[in-house]
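Asker: Spelled out, the chains give:
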Amino acid sequence: EPEVTQTPSHQVTQMGQEVILRCVPISNHLYFYWYRQILGQKVEFLVSFYNNEISEKSEIFDDQFSVERPDGSNFTLKIRSTKLEDSAMYFCASSAGLATSSTDTQYFGPGTRLTVL
Amino acid sequence: DQQVKQNSPSLSVQEGRISILNCDYTNSMFDYFLWYKKYPAEGPTFLISISSIKDKNEDGRFTVFLNKSAKHLSLHIVPSQPGDSAVYFCAASANGGGFKTIFGAGTRLFVKA
Chain A
1 EPEVTQTPSH
11 QVTQMGQEVI
21 LRCVPISNHL
31 YFYWYRQILG
41 QKVEFLVSFY
51 NNEISEKSEI
61 FDDQFSVERP
71 DGSNFTLKIR
81 STKLEDSAMY
91 FCASSAGLAT
101 SSTDTQYFGP
111 GTRLTVL
Chain B
118 DQQVKQNSPS
128 LSVQEGRISI
138 LNCDYTNSMF
148 DYFLWYKKYP
158 AEGPTFLISI
168 SSIKDKNEDG
178 RFTVFLNKSA
188 KHLSLHIVPS
198 QPGDSAVYFC
208 AASANGGGFK
218 TIFGAGTRLF
228 VKA
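Sequence order for the protein chains is A and B. Numbering of the first sequence is given in my numbering, commencing with residue 1 and proceeding in unit increments. Numbering of the second sequence is given in my numbering, commencing with residue 118 and proceeding in unit increments.
Among the hints, erroneous ones may be present.
Straight-line Cα separation of at most 30 Å, DSS-like style, residue types lysine-lysine; simulated pairs [what the hints assert, rightly or not]:
no.	chain 1	residue 1	chain 2	residue 2
1	B	Lys171	B	Lys122
2	A	Lys57	A	Lys78
3	B	Lys185	B	Lys122
4	A	Lys83	B	Lys217
5	A	Lys57	B	Lys185
6	A	Lys78	B	Lys217
7	B	Lys171	A	Lys57
8	B	Lys217	B	Lys185
9	B	Lys188	B	Lys217
10	A	Lys83	B	Lys122
11	A	Lys57	B	Lys217
12	A	Lys57	B	Lys229
13	B	Lys188	B	Lys171
14	B	Lys229	B	Lys217
15	B	Lys171	A	Lys78
No lab work stands behind these hints, which were simulated from the structure alone. Computed from a predicted structure; not experimentally measured.
All chains, please: the whole structure from these sequences, using the hints.
Answerer: Structural data, given as structure tokens:
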């Protein structure tokens, strides 16, 4: 069964450093998403990406964040200058279509745990 | 931002009994609702969904009920099994805003053998 994969599983970085979190969505999916979950809190939407551009983003997704689909398979989230409060699990997801029907469900990867020291 | 609320942080149920997880929402633009299940160290896994044109959707042991007038939905699991023990997230999206799915805080379900 196809699945979303994410690397690395755990990333430790110093405050102020740049990090790139990588995701390989399901191959025939067209919509891509990043979410985060701070420990003990809810899963929060960050950004969605379709047709090589950002479709929607939340207030969390400020200028420190960027996304890219550098090739036909990878989807990356970059945080330019990490802050302590960026420590969280970051989940990538992909879907074949918009989340308005059961065929367009978002499938999530296992997550990358980002720890900012 | 509390557009999707799951007011019960945890629920404990005996194996074989019914588990009922509740969710309330405030945004009347939401028209598609989902339940995700999450185990530790894994990403959320889609469980079941319902469109706002329906009031019930059933898939095996899982049934989701939607009460639009009350802006309330619930997930029923019957019979509950120990393997159902996980965190359950309610989520919602709006037509045209289907890109953005808003999650609730989650309810941790414990099913005791």
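Asker: List in ascending order the numbers of the hints, as given earlier, that are violated by the structure.
Answerer: Hints 12, 14 and 15 not satisfied by this model.
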